[in-house]
Amino acid sequence: MERLLGVWVAALSEEAPDGSSWRAFAALVEALGALSPFVEPVRLGLCVIPVRGPSRFFGGEDAVLDAVAQTVRDVTGCEPSLGVADGLFCAELAARSSRVVPAGRTEAFRRAQPLDALGRPDLSATCARLGIRRLGEFADLDPARVLGRFDAGVAHAHRVARGELAELDGQRDLRLLEHLARVRGQVLERAEQGGFFGESAAGDERASTAAHRVRRRLGPEGVVVATLRPGRVPEDRAALVPWGAPRSMASDDAPWPGRVAPAPASTLARPVAVELRDANGAPLRVSARGILSGEPATLWFSHRIRRDVAWHAGPWPSLERWWAHARPRAHVQLVLTSGEAVLLMAQSQRWWLVGIYD
Amino acid sequence: MAGVTATRYSYEHMFAFSPSRPDLPADLVARLRPVSLSHARRLPLEEPWSALVPGAALRRGWSVVVQSGSGLGGLSVALGLLTGASRAGNWVAVVGVDDPGVVAMADLGLDLRRVLFVPRPRGAWAEAVGDLLGGVDLIVVRPPGRCSPSTARRLVDRVRERGAVLVVLTEERSWPVPADLSLAITQTRWATTSRLEARYVTLRVSGRGRASRVAEHVVVLPNRAGRAEAGD
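Protein chains in written order, with our numbering: chain P, 152 to 509; chain W, 1124 to 1355.
Check each hint, because a few of them may be wrong.
Said to hold, decoys possible - A few chain P residues facing chain W, derived, Cβ under 10 Å:
1. 362
2. 377
3. 416
4. 464
5. 465
6. 468
Claimed, not checked - Stretch-level coverage of chain W by chain P, calculated; a stretch enters the list once three of its residues show a Cβ under 8 Å from a Cβ in chain P:
7. 1197 to 1203
8. 1217 to 1229
9. 1273 to 1282
10. 1307 to 1315
11. 1318 to 1327
Hints listed in this document are in silico derivations from the structure and should not be mistaken for laboratory results.
Since this is a predicted model, take the numbers as computed values, not measurements.
Yeah, the Cβ is synthetic: ideal placement off N, Cα and C, and Gly gets one too.
Please build the complete structure, drawing on both the sequences and the hints.
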């Protein structure tokens, strides 16, 4: 699950009769967008910003929190509640309780939450009679028994409690972007209305129905759609969002100098830690000037699994992410003697597998 | 130029993580849109794929198998087969591909506005494909491991019944049902300069019936622009 910074502004979470909370929220989303291109409004009063990768590579996480808090104060005059955790469900809970859950601790955080967090008072009441008060206790129930006893909505909530799904059904306002667009006078398209000629054609209706079927089977994150956003490296440019969630149709056709090409057919949502070593087995590093410390000879996936490197290119340094300036990244392309080509990313003296040219 | 030659090679353990068109006036669009588009029996293929397939198009109801060692271009071939139909306005879906390379897909020529992804269907991949039938015209699926003959048979029958095209992406010999069209990657070679320049993929193409003759083709995938082109 993606590590998310949740931005909760309670004062803006209720619709004001004069529409002022919508206007303030729209202004906030726009202002946050100047800080990070990845801001995602979720509901009136709630935004999330992905803080990608393990937190130790984002020494700037505190800096992000400060900048976001200041922006909220400047734009809305309200005090925000900020938190960080994995997945939308926990990110919102973390934000509401102003907690930065350390990387790897989201499960414990989630398990300690009261059952009310699932937003089903009937479930909370039933479970309270059984002595079940925390999400962790509820999560430990056998899914088959939960499904047998409750409706599909609870079964879904159970999967959220177990950490199998990142968000509750209904946690997102599916019409939010439209609403914001009206407020801002902009035109955005809903993902499920991506009509070829800007209209919803019969084929789109059929696809929409099919996507609903899959969504019912697999949950809200079961079906996703993609858009491109500006950026230089493939893993930054791809945005995958749950189907039905709003997405901006902003096109990304501006040429970016130094773009890493070609793009790999498989881009890892969660990069995998690897090691790149020279012929003597010494780990390779990328210097501050963007120079490799030696010739890559082997790529280590683990102590047992390694592949010989037939060819390499790069590193190509990239510095475009605003909070990552202290931690520059560089990309390297490799062809392995076994024939595969892969894309690696170096950051903070570590190597990550980010793409496979499948 | 340096090149690397590889035969089929499987490394699932290594990746066990597992991994413009101008605007037209609305009235003109209404007149131009063929009424029978969604029911046409053929789905268009673009170059270089059209040269590989008998009839230069995919036929509705077909199941197509793309065989490739993991990481050797199978995914690009499967996605490449979708580009013609995607650009012609058809919806496509990609099931069981954990980490789709969205940028590469756009470069290949897929219209992302009409692509549904079901990245991690876990045990329910066949059911997810079933759910999508009738809603999308082409489905790429990468089954997570071996597929039982009965599941494969049921799926292939449903695809034929619903007039979709199923593209199954598998490692060697793990799809138990004969395919209407089969493309096997037998060799890949990267051409390089100061970056990855192009990959030459050798495909062994065979069909059924009249089209059962086996032919070898070389496709450049991706080329410098991230697209596919004939390499012969």
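Here's how the hints hold up against the structure:
no., hint, result
1, 362, "holds, 6 Å"
2, 377, "holds, 4 Å"
3, 416, "holds, 4 Å"
4, 464, "holds, 5 Å"
5, 465, "holds, 8 Å"
6, 468, "violated, 14 Å"
7, 1197 to 1203, "holds (count 4)"
8, 1217 to 1229, "holds (count 10)"
9, 1273 to 1282, "violated (count 0)"
10, 1307 to 1315, "holds (count 3)"
11, 1318 to 1327, "holds (count 3)"
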